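For the record, the sequence lines run as chains A and B. The first sequence begins at 1 in the UniProt record's numbering and counts up one residue at a time. The second sequence begins at 1 in the UniProt record's numbering and counts up one residue at a time.
These aren't lab readings, by the way, just hints derived from the structure by calculation. In this text the structure is predicted, and so the values were computed from the model without any measurement. Hints are supplied without guarantee of correctness; some may be wrong.
Stretch by stretch, here's where chain A covers chain B in the computed footprint (C-beta under 8 Å, at least three residues) [to be verified]:
(1) 23-37
(2) 121-130
(3) 211-219
(4) 252-263
Distance ranges between label pairs, derived from CB positions [what the hints assert, rightly or not]:
(5) S83(A) / R216(B): 50 to 56 Å
(6) D46(A) / S167(B): 32 to 38 Å
(7) E466(B) / D975(A): 53 to 59 Å
(8) I992(A) / E487(B): 43 to 49 Å
(9) Y17(A) / G130(B): 41 to 47 Å
(10) D975(A) / R427(B): 29 to 35 Å
(11) E169(B) / K862(A): 31 to 37 Å
(12) E169(B) / G1119(A): 56 to 62 Å
Ideal Cβ positions, reconstructed from N, Cα and C, are used throughout, including at glycine.
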Amino acid sequence: MGKKDNKLFQTLKHLKYGERINKGWTEESPRPRDSEDIYRKRWQHDKIVRSTHGVNCTGSCSWKVYVKDGIITSETQQTDYPSTGDDFPEYEPRGCPRGASFSWYTYSPIRVKHPYMRGDLYELWKAEREQGFDPVEAWENIAGDPKKRAQYVGARGKGGFVRATWQETCEIIASATIYTIKKYGPDRVAGFSPIPAMSMVSYAAGSRFLSLIGGNILSFYDWYADLPPASPQVWGEQTDVPESADWYNAKYFIIWGTNLPQTRTPDAHFMVEARYNGTKVVGVSPDYAEYEKFADLWLPARAGTDGALAMAMTHVILKEFYVEKETPYFIDYAKRFTDLPFLVTLNETEDDCRSDRFLRSTDVDDNHNQGDWKTLVWDVSTNQLEAPNGSQGFRWDEGSNWNLELKKEDGSLIDPLLSFIEIADETAMVSFPDFAVKNGGSVKRGIPVKHIQDKNGNTIKATTVYDLMMAHTGVNRGLAGDYPIDYHDPKAYTPAWQESITGVNKNHVIQVAREFADNAARTKGKSMIAMGGGTNHWYHSDQIYRCILNLVLLTGSQGVNGGGWAHYVGQEKVRPLEGWQQVAFANDWLKPQRLQNGTSFFYFATDQFRYEAKVNQEQSSWGGKYNNMHPADVNALAARLGWLPSFPQFSQNSLDLVKESRGRGANNHQEVIDDVVSQIKEEKLEWAIENPDDPRNFPRVFFNWRSNLLGDSGKGHEYFAKHLIGAEDQILADTDNSWQPKTVKTDEEAPTGKVDLLVSVDFRMTSSGLFSDIVLPAATWYEKFDISSTDMHPFVHPFNAAISPPWQAKSDWDTFREISKVFSELAQTHLPKTEDLMMTPLGHDSVGEIAQAHGKIKDWRKGEVEAIPGKTMPNFQIVTRDYPNVYQQMTTIGPEIKKGYGGKGVMIPGEKVYEELSSRLGVSKRDGIGKGNPDLYSDIKAIDAILLMSGATNGKRAVAGWKSLEKKTGQKLADIAKGREEEDVTLQDLTIQPRHAISTPVWSGLEKGNRRYSPFTVNTEYNIPWRTLTGRQSFYLDHEMMLDFGEGLPLYLPPLSHGPFLKNEKEVENNGKSITVRYLTPHQKWGIHTMFTDTTNMSTLFRGWQTVWMNEEDGASIGIKDNDWIEVYNRNGVIAARVVLTYRIPKGMAYMYHAQDRTLGVPATAINKKRGGTHNSVTRISLKPTHMIGGYSQLSYGFNYYGPTGHQRDTIAVIRGLKEVDWLED
Amino acid sequence: MRIKAQVAMVMHLDKCIGCHTCSVTCKNTWTNRPGTEYMWFNNVETRPGTGYPKSWENRDRYKGGWELKNGKLRLKAGGPVSKLANIFYNPDMANMDDYYEPWTYDYEHLINSPKSENIPVARPKSRITGKYIDKPEWGPNWDDDLAGGSEVVPLDPNVQKLQEHISMEYEKTFMMYLPRICEHCLNPSCVASCPSGALYKRDEDGIVLVDQDACRGWRFCMSGCPYHKVYYNWNTHKAEKCNFCYPRTEAGLPTICSETCVGRIRYIGVVLYDADKVKDAASVEDAQDLYESQLSCFLDPFDPQVIKEARKAGITDAWIEGAQNSPVYKMAIKWKIALPLHPEYRTLPMVWYVPPLSPIMNHITNENELSTDGYIPAVDQMRIPMEYLASLLTAGDTEVIRKVLLKLTAMRVHMRGKTVGGIDEFRASRLLNEADTNPEEIEEMARLLGVAKYNERFVIPTGRREMDDDLYYKQGACSLEEIAPPEGIVFRKGD
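Sequences and hints are given; from them, build the entire structure.
So, in structure tokens, the structure goes:
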């Protein structure tokens, strides 16, 4: 510490002794301590930069990035979050070991430092260009020549990259795009980039480009199976959940299939700390998961049986808290905020009686505008039917009564009746499905029924959802029928019944259900359930979730701080939503866009539909009309009825269609559309979805950015490799023994290598890069500007560049801007301004959601109904594409903003906003159509544009949003944001310190007064309806297809479990020992998907990759020891990995933790002598038809909102030892 | 009385989520360079499990720490004579198999691979030999979350001691995490083990360091430390160890591992102790008395006599105030919920641990057995065997563990009563009585453990630089001393 003495003096000092103390045991030495300076110097740095990580982890944590000597050295978490309050745990220090590893990438050997191109393609390109062909011609010569095409397509995934320049790569990309648009149509260009919230501007870079050219933007949230379809089904909301600090407000917390410490690492402490504030914690998981450490009780439910457990708890709660003793808080809540009091008709046939659809006001009279969409209750005080405010009809009847007030027009109150049991006209024996039994079954149970006179004088038998729920869950109220006697009667859905399914002791189930409800009754709803991938990533996710949601709805816990569901899978929440949508989808220039649901896209593009196995067998006993249809056929039906988007639209080019119509004399947009519709009716146009393997319908150019589709999220990886990419695959299945669709053509052999050009943008080499034709070097998260948000906390965090992008790296914004520049230049000669026919589905939050009344399926093709765009089929519109000006449009904000903008039915006036944008961003001085518009040249400008246009970050926008909602609801709302109206957050503000978001009507939680965000508090406290049919939280879904599947009410469906091979398929010869297990891919501890997994620290902190966990007795049964090599296989593919044995997980299942990628340490498999696959090599998606329903209230399409999910949990695989390690070195 | 101050740490194991953020941020800062690949100044162990290095608690094998021989305290590995005998070969030292052979991957190959028949892969290779390996065979956290199960768990010396109590079965699974850094002991055996006198305990804050100028690479500190928290840098041939981030604590900042601990389990504060009591405290006969004897070294920072003596010893008022507000003082000394790790090693460690709660055993199934107090289950039903915790924290004394768990449980029940109702029943309950606490203490505890604000978790007065010479000069010259000698003119060679 002292001054530097000379060396000799120092050495002498070492010899000096100091004073001895502590009975001579200790010496107080006077020796110098100069060497302490060594470590002090390491701690000194040049600057600290605030940034974050753009990875789909839901973290969105603010970090300090240390720069020393101009080099990024490390990072630690920021601790300067605004306080949550005096007696509340804070958000600091948000961040986990994975985020703390990020600085490794900057200078690591896995970094993509330059643009790379597949050598074969580069050679071909160079040859064409040297011969004097212009870039677009050059591409045509390559992609159009089968031999040349095969040369580079066949080389995919096999090394041989060469360095190229930005100019060259941009030219190829732009040329391929132009050629594709001209030859096949813009909807053969597709892009995949997930989770805008994790880096909104980088997402917007590519999506803005695709929007302007008319390409397909693929959804991700449903494809990832992170979307809980139950959320739109129950609430009409994609996902809205409490911020993690609200866990601290819970007093009873069930953690159910979401590994909070492992996957919500920065948030877990709120749960842990809540326990010291007296919160009881119960954990449900098949293994002794990391969160069980914090539980008071572990319910070890077998994987995939969670629905059964939840149904038994539902049974207990209904019986004890509704029937045996009425809990006033629950009853009041059920009447005001759920569909339990709403009336449902019965459908009686000769030998059966089932519940049918909601009773509507049009059933009894014609006095209501939009009466088909106004549902009815029985008013206790007047003993008559009432149509309470708030149902879907009120949203679209042009009035201002879309609210939850239980008031009649004269101001008197409605008291909705929950049960007809006291005033029934009869007891009807109604059938309820029971799919827990093999091959499906049903039970008949008595329910009280009221006779209603319809407007024609006929009698309708009706009951309430409440009465249906009681009978369905087996709560005996003294009515006739096959009811269980008590909890110990093993009939659906008692605690004893679930025990044989879940393995959980029935007494524990009774105890937890009772405590959960009792806690909610005492605290007015502070009972919470955290749920996630473990319960959601299933084929029947929606039903599992609906069963669990029963518990929070029946206990009045939803829409209450400290209560309700807490679902966290995927960082889906873009807080500054209104502004971001404009920038990301170029709504400032044109709309609509081709927002395609990813699951359907990949199902067809990768030909997974040709390997289908029959599912829903147990449900066939109940319905049959739709659940016996091949999912591809249902998808085709969904496309033509306007339920789901379907891009490519037709086998014909959508640009040519308009030209041809105009050629036939169509003079305006409407005439073109009429012409197209008549051609559709005459079957002159072919729906691309019905012939996906026609070369005209291949996705030709594919952009992959901010994503590792092929190493990570590509379920059915081997099908991707074979059919989409044309690379090596290890598929063991055959299509001959698979289930084939009827309306979707499969005449020819399934094609391979559909895509002409595969482009990846990344800063590291992953499997996606390895398979790509071009890999562009991206700036890392410490080298660019962006913003990130999450549902876990109320802040928007900035990315800031700690260093400028090194080598030839560029930010995503700059990358797509440069591509668009070259594209526009080439378009001058090749692709003039033109018109494009757009086909879009009937959207949620648009009038399309009231297109198909009563939820009855009517197919215009069969003549069941007239083909009317926007009603019985998709919407059609004509959009002008100004291809030579795409660059101008990319880099400036277009004038459409002035007309106003918004989201979820909220409208913000735009004139003032446009002025503010001009002043905040400056105006473009670049010559062209954008000159004088607000400038959007850089990522920084894009950020400030988003912040300025959004309510969460701009008080004026928030107030304007609330005012717009006031009109429709007749409720006073603007005050919610009034106090913060002057706040106007910029990137610079966010960089100085995180800011609390402002309450905005695009979200359902209140954040006023430093309150913790809890979803649906706006609904419960301000009477705003949920965006559902009844306007209330839904137990009952009455769409025809739902009822056909027996899924009108929440119920238990077993996980799919067809064998590893289908009947008659050739199985792998198996001389050694093997074991068949349920194969699960939960989120891992050492990476966020494949990100961080490849760093040396994360790999060292476990065992290196890839590994598969299984029970040690299972391991012993096939003669393998811990850390031995194994192969995992089934009809879908083969994996080579090392085994981790443990007693922590039960027998009969294996965990291959999600996304270790196959890039590190993966040898050949013995089965094929090819490189082992990824965790998705043994998975294959199968679409659940009920997720395709559309045009029907909350069951209407929205991008990332509703649609079939790419679940992967219903997989069975075989595991055996892998004796020899072959690294396949050439 | 010889008053000294130590900056000490408490880790609340019940809060630990086992995420290893502490390990990574520490490694990035201190040991991310050639020569230190295998070093983790901070590591996190899953328990039951072997720890890092493998079975480090096996003192028969490694002979670390102190033992009492004929009533006298001596190094377990023997005195200077046996050291001299083994100076070129130390049989007690953990070797690379006990730590692990660091590995990396051939990452470049993914980008540079020439066109080939197969998909390229980055093969693992040793960071010691640079050669390809087929697979890693061991690592610093190989048994994370019970990986390896019955093959690895028995290598935990604490399990070996209690084999009859622990059943490695799915239904009876339990686990906990044990994050570890250097203990910065009051009676450090590493310091005593060093033949070169290169290790020392800083006078002003008790941080134990290796003098990089004095270290001669004999490595007796490695085995002499029973916690195995001193490492050998093969590049510099010198020892390195956790430095308690003194460059940060001197500035009043918490250690990297503490600030970045996202479970917020770590607490740092000053403790005052009487250095003259250390030897006697470490020399009590019964190992189970070591916990109390260590506590007896600590001084009450509110005691006027102590304050007077402290001032006399040059301890500033800021440090005395720091000791009064110290979360470590509260948890370890006042409330007695934090315990020393392996007190039987007699090093008087200064990183303290609050033992974890755990779920009840699932075989408790009928309603009578499910005895709860306002929904919170009873201590005696919990999964982690008390004997196991006692083996770690109290030299086997389960009574001490039970008392702590009772206190934590009482806190939860009280706070539940306060927020949900039923507080009166709790006040009259047996639990409150048995837990030997009171509502006032409980609420103070709940705030520090639950609300846990940054400035309450970390109470760290800045380093006492005023004891340095010539701060007036330093203010302008620090880091530029080489070109600014206080004597005046810079003389260079050849001038």
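Taking the hints in turn, this is what the structure says about them:
Given as covered by chain A, the region 23-37 of chain B passes the check, having 8 residues with a CB less than 8 Å from a CB of that chain where 3 are the minimum. With 4 residues carrying a beta carbon less than 8 Å from a beta carbon of chain A, the region 121-130 of chain B meets the three-residue requirement, and the given coverage holds. Only residues whose C-beta sits within less than 8 Å of a C-beta in chain A count toward coverage, and the region 211-219 of chain B has 4 of them, enough to reach three; the restraint holds. Evaluation of the coverage hint for the region 252-263 of chain B: fulfilled, as 6 residues show C-beta separations to chain A shorter than 8 Å, against a requirement of three.
Between S83(A) and R216(B) the CB atoms are about 51 Å apart, so this pair conforms to the stated range of 50 to 56 Å. At about 55 Å, the beta-carbon gap between D46(A) and S167(B) misses the expected band of 32 to 38 Å. In this structure the supplied range 53 to 59 Å holds for E466(B) paired with D975(A), their Cβ-Cβ distance being about 55 Å. Checking the proposed 43 to 49 Å range against I992(A) and E487(B) shows it holds: the Cβ atoms sit about 45 Å from each other.
Between Y17(A) and G130(B) the C-beta distance comes to about 46 Å, which sits within the given range of 41 to 47 Å. In this structure, D975(A) and R427(B) break the distance hint of 29 to 35 Å, their C-beta atoms being roughly 42 Å apart. Under the hint 31 to 37 Å, the C-beta atoms of E169(B) and K862(A), about 59 Å apart, miss the expected range. At roughly 21 Å, the beta carbons of E169(B) and G1119(A) sit outside the given window of 56 to 62 Å.
Hint check: violations occur at hints 6, 10, 11 and 12; the rest are consistent with the structure.
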